[in-house]
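There are 2 protein chains.
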Amino acid sequence: MSTDKVILLDFWVSPFSLRPKIALAEKSVEFEIKEEADLLGNKSDLLLQSNPIYGKVPVLIHKGKPICESTIIVSYIDETWPTPALLPPCAYGKSTARFWADYIDKKLFDAGSKIWMAKGEEAIKVAKKEFIEILKVLEGVLGEKDYCSGESFGFLDIITISLASWFYAFEQYGDFKIEDECPKFSAWMKRCFQRESVAKFVPEPTKVYEFVGMLRKMYGIE
Amino acid sequence: MSTDKVILLDFWVSPFSLRPKIALAEKSVEFEIKEEADLLGNKSDLLLQSNPIYGKVPVLIHKGKPICESTIIVSYIDETWPTPALLPPCAYGKSTARFWADYIDKKLFDAGSKIWMAKGEEAIKVAKKEFIEILKVLEGVLGEKDYCSGESFGFLDIITISLASWFYAFEQYGDFKIEDECPKFSAWMKRCFQRESVAKFVPEPTKVYEFVGMLRKMYGIE
Numbered sequence: 001m002s003t004d005k006v007i008l009l010d011f012w013v014s015p016f017s018l019r020p021k022i023a024l025a026e027k028s029v030e031f032e033i034k035e036e037a038d039l040l041g042n043k044s045d046l047l048l049q050s051n052p053i054y055g056k057v058p059v060l061i062h063k064g065k066p067i068c069e070s071t072i073i074v075s076y077i078d079e080t081w082p083t084p085a086l087l088p089p090c091a092y093g094k095s096t097a098r099f100w101a102d103y104i105d106k107k108l109f110d111a112g113s114k115i116w117m118a119k120g121e122e123a124i125k126v127a128k129k130e131f132i133e134i135l136k137v138l139e140g141v142l143g144e145k146d147y148c149s150g151e152s153f154g155f156l157d158i159i160t161i162s163l164a165s166w167f168y169a170f171e172q173y174g175d176f177k178i179e180d181e182c183p184k185f186s187a188w189m190k191r192c193f194q195r196e197s198v199a200k201f202v203p204e205p206t207k208v209y210e211f212v213g214m215l216r217k218m219y220g221i222e
Numbered sequence: 001m002s003t004d005k006v007i008l009l010d011f012w013v014s015p016f017s018l019r020p021k022i023a024l025a026e027k028s029v030e031f032e033i034k035e036e037a038d039l040l041g042n043k044s045d046l047l048l049q050s051n052p053i054y055g056k057v058p059v060l061i062h063k064g065k066p067i068c069e070s071t072i073i074v075s076y077i078d079e080t081w082p083t084p085a086l087l088p089p090c091a092y093g094k095s096t097a098r099f100w101a102d103y104i105d106k107k108l109f110d111a112g113s114k115i116w117m118a119k120g121e122e123a124i125k126v127a128k129k130e131f132i133e134i135l136k137v138l139e140g141v142l143g144e145k146d147y148c149s150g151e152s153f154g155f156l157d158i159i160t161i162s163l164a165s166w167f168y169a170f171e172q173y174g175d176f177k178i179e180d181e182c183p184k185f186s187a188w189m190k191r192c193f194q195r196e197s198v199a200k201f202v203p204e205p206t207k208v209y210e211f212v213g214m215l216r217k218m219y220g221i222e
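Protein chains in written order, with full-length UniProt numbering: chain V, 1 to 222; chain A, 1 to 222.
Next up, chain V with everything else stripped away, as it sits in the complex:
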């Protein structure tokens, strides 16, 4: 393996794998995608060697060394290719961005996934309420700004918009519209999805929806 190459171990629908893809595109770094075609079953030897602890995508391989965990990978990308900066320059700005990234990592995707995993109307209602409450917190973080990171698209936008690639599926299975609940957050989503670095890699919402449908069948939900 050439040591200069940047390689991403990826799975096309993974919202977490989308993060390094967008970050690398923002930095205009060329990289090779190695698709883990069989992620639900067998994992490649390269994935298991590169991420022995979790055996999960994404893994960034740079100079022959693996970096794991999507939020940590985005930080690595920002430190390795500093222009344009994704994280704020000051320590306080960095700590705020990391705080919200951590909040999102702990809460957002799991809450959204509960919507399509829920069986029965009442369970769906509870899951939807929890998810929308989190979105409202994030809408508060966005405030009147164009981007979560401030005036320009940055670290926190990448962390969040990547997970939003699944929101259409959440809306379909929860029978609700984020636009009705959180209009400012929804406008931010549209703004980000139109951005070149995002548009280039984000999977089609209907394909994610189909994939989630397949997961529901697999888990015996429908």
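The set of hints was computed from the structure by calculation and includes no laboratory data. None of the values given here were measured: they were computed from a predicted structure. One thing to keep in mind: the hints can contain errors.
When chains are identical, the list treats them as one kind, so a pair holds in a single copy or across two.
What the hints assert, rightly or not - For lysine-lysine, the following DSSO-like pairs were computed, each having C-alpha atoms within a straight-line distance of at most 27 Å:
#1 Lys5 with Lys136
#2 Lys107 with Lys5
#3 Lys65 with Lys107
#4 Lys43 with Lys136
#5 Lys43 with Lys27
#6 Lys145 with Lys34
#7 Lys177 with Lys200
#8 Lys63 with Lys114
#9 Lys5 with Lys217
#10 Lys177 with Lys65
#11 Lys63 with Lys145
Using the hints provided, position chain A relative to the given structure of chain V.
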């Protein structure tokens, strides 16, 4: 409040609050501790204002601004007072330290707490097994080095040794010795506990044990 002051919202037995205390001591930064005396019941207005999302210690207040979440606080301290450096200088070293800090944050303390929370011999056995498996992974990270961070005490040592302040209580309630299971990890613990920045702030093992005993009564475990 003076804006130059460094204030830590603390609770004496919190293993997470120990992290910023050790990091500030390593940097020779003077700080004022504000004890949340009534953490199990009422929280101070300052804590709720400073950490409205979680309402939890530790919170570092620097230049009048709050920084929350212990691992993020230690990063902030390292960026704000750069000497001596706690995180490695290179992006790859940083990403490795962050990966293990994240692993520890996700697994170690919860697994240990399951030991004293367990009811019945079988449950204690399962909890102990899980906890020791995690310690063995961390012993592998330590390898033959004196410190997790390498030749000198650093970020990952602070993240880990702070949680180790509860390990005596885990051992007592699980009836085992870390020294027997993970001798190298145990030697590292002793090395760290003797360090001035740690020894100055780490609570007495027997006091932590008593505190855990109180928690057990509160939760109706004994």
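We went through each hint and held it up to the structure:
1. Lys5 with Lys136: Intra 40 Å, inter 33 Å, cutoff 27 Å: neither.
2. Lys107 with Lys5: neither (34 Å within a copy, 33 Å between copies)
3. Lys65 with Lys107: Result: close only across copies, 24 Å inter versus 30 Å intra.
4. Lys43 with Lys136: between (37 Å within a copy, 24 Å between copies)
5. Lys43 with Lys27: neither (29 Å within a copy, 44 Å between copies)
6. Lys145 with Lys34: Close neither inside one copy (36 Å) nor across copies (34 Å); limit 27 Å.
7. Lys177 with Lys200: Answer is within; shortest intra-copy Cα gap is 24 Å, inter-copy 54 Å.
8. Lys63 with Lys114: Cα proximity of Lys63 and Lys114: none, with 38 Å in one copy and 40 Å across.
9. Lys5 with Lys217: Classified as neither; 39 Å inside a copy, 57 Å across copies.
10. Lys177 with Lys65: neither (42 Å within a copy, 36 Å between copies)
11. Lys63 with Lys145: Classified as between: cross-chain Cα gap 24 Å, same-chain 37 Å, threshold 27 Å.
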